[in-house]
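Enquirer: Dock the two chains into a complex; use the hints.
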Amino acid sequence: MLLDGKLSELPRLTAETARFCRRYSLGEEVELQLNLVLEELFANAIRHGGCEGVRDAARVQLEMLPDGVAIEFADRGAPFDATAAPAPKLDAPLETRPIGGLGIHLVRQIVRDLRYQRVDGWNRLTMRRPSREKEGES
Amino acid sequence: MIQLTEETRSGWRVVSVSGRADAEAADALEAALRSAVEANGRVAADFATLDYISSAGLRAVLQAARAAQTRGSEFAVCGLSAPVRKVFDMSGLHHVLRIHGELPC
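Line order of the protein sequences matches chains A and B. For what it's worth, the working numbering labels the leading residue of the first sequence as 1194, then goes sequentially. For what it's worth, the working numbering labels the leading residue of the second sequence as 293, then goes sequentially.
Just so you know, these hints were derived from the structure itself, not from any lab. Keep in mind it's a predicted model, so treat the numbers as computed, not measured. It is possible that some hints are incorrect.
No more than 35 Å apart at the CA atoms, straight line, and that leaves these computed lysine-lysine pairs for DSBU-like [what the hints assert, rightly or not]:
#1 Lys378/B <-> Lys1282/A
#2 Lys1199/A <-> Lys1282/A
#3 Lys1199/A <-> Lys378/B
Derived coverage of chain A by chain B (criterion: at least 3 residues anywhere in the stretch with Cβ under 8 Å from a Cβ of chain B; other residues may be distant) [to be verified]:
#4 1198-1204
#5 1219-1225
#6 1228-1238
#7 1294-1302
Listing some non-contacts, in silico: residues in chain B with all C-beta distances to chain A over 12 Å [claimed, not checked]:
#8 Glu299
#9 Thr300
#10 Trp304
#11 Ser308
#12 Arg312
#13 Ala324
#14 Arg326
#15 Glu330
#16 Asp343
#17 Tyr344
#18 Ser383
#19 Gly384
#20 His392
Glycine included, C-beta positions come from ideal geometry on N, C-alpha and C.
So that you can see chain B by itself, here it is in the shape it has in the complex (with noise of 0.2 Å):
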């Protein structure tokens, strides 16, 4: 189960995500998250209520940031608690993502 809401924060549009980004919930996220960048010059993943992300998950964020970057927007993930930021630093995800502690979330 997956949760997605949105909202504006400091001028970035922040799209929290909530519950388990696995298989069954990636492409909602991706959905969620790329239409967020097509509508916006700067989105944040905020994932501090994040329980859970396998390589589905990863692959969502990817693809959202691959978007970002065509189109020139700021894409960043921010708020990882320690046992999703592992998963993040395992798949070498981190080398190409922005990755903030807090700010913009």
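Chain A with its partners taken away, still in its complex shape (with noise of 0.2 Å):
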């Protein structure tokens, strides 16, 4: 599905994901976890990549694999290498603690295989939920 560079696309993304997660009986977790991943990845791309208002600003494609859900997300902002960014200190106390790099430190907490590539104008980043048996996932 392609997005529109607006927070207001986020309702059509959450949408897509619970379709998406019903088609392959996937769990509200799973689903959380996906919605999640994609919001912070454009909201990323809306508030630091300029896609502010850019049509058709962003490109997701989810896919089912026999280990987990296949994820891609692509956007026509500056170029930025999620897999390069700086981890934030988690252990920093209240006051000290910094606001920013929490969304992709999320991403990186909840995907594998991350791989970022800059092709034709756009940030093309891959990666993988992997599922859990544990939790009964399929």
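Expert: Structure, rendered in structure tokens:
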């Protein structure tokens, strides 16, 4: 699916994620995590990548694999390699804890095999949300 | 979509948050929590009916916790569902916030 560069596209992204999870009988935790990954990447592209107000600014694709869900997220924003972003200081106290970097940190907690390419003016990220048998997920 | 309601329960001003604390809703969440913190000495965010939270929602909670600390108020988060709790755990915010299983919610 294609998304315009505005946060009001989030409900459409959520609905698409829900449809995908229903189709493959994925549970609420998988759905929440897929949604979280996509929102974080999309919100970053809008806030920091210059995608605000850009038509068809981002492209999202989900695909079911035997061992999880393949996620592809691409945006037309400024070149940004999410795989190279520094990790936030998670143990810092409340007063000094930096506000930024949390979104990408969450993405990295959830997905494996995160890869970045810059292709024809698009940032293209591919990754996999692994399935976990202990939670009874498919 | 996010729904915010407030009431006082056994000495705590409780802000109940329902729906989705996403990037679209984060400003409304932060404003509600901060104004509760400005006006009350003990504030709890009740997330029992919260379905989803992203980093934008977490930042709103963190800002409210900072405002409470500056003001000398108590601020707690409670009622987290398992999937939402997991996002708090992944963020590391559970180290800096007071998170209750039940009380004061």
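Enquirer: The structure should be examined with respect to each hint, and the outcome stated for every one.
Expert: Now the hints, each set against the structure:
no.	hint	verdict
1	Lys378/B <-> Lys1282/A	18 Å, holds
2	Lys1199/A <-> Lys1282/A	29 Å, holds
3	Lys1199/A <-> Lys378/B	27 Å, holds
4	1198-1204	holds (count 4)
5	1219-1225	holds (count 3)
6	1228-1238	holds (count 5)
7	1294-1302	holds (count 5)
8	Glu299	26 Å, holds
9	Thr300	25 Å, holds
10	Trp304	20 Å, holds
11	Ser308	20 Å, holds
12	Arg312	8 Å, violated
13	Ala324	18 Å, holds
14	Arg326	15 Å, holds
15	Glu330	17 Å, holds
16	Asp343	8 Å, violated
17	Tyr344	6 Å, violated
18	Ser383	6 Å, violated
19	Gly384	3 Å, violated
20	His392	17 Å, holds
Going through the hint list in order, the structure does not satisfy hints 12, 16, 17, 18 and 19.
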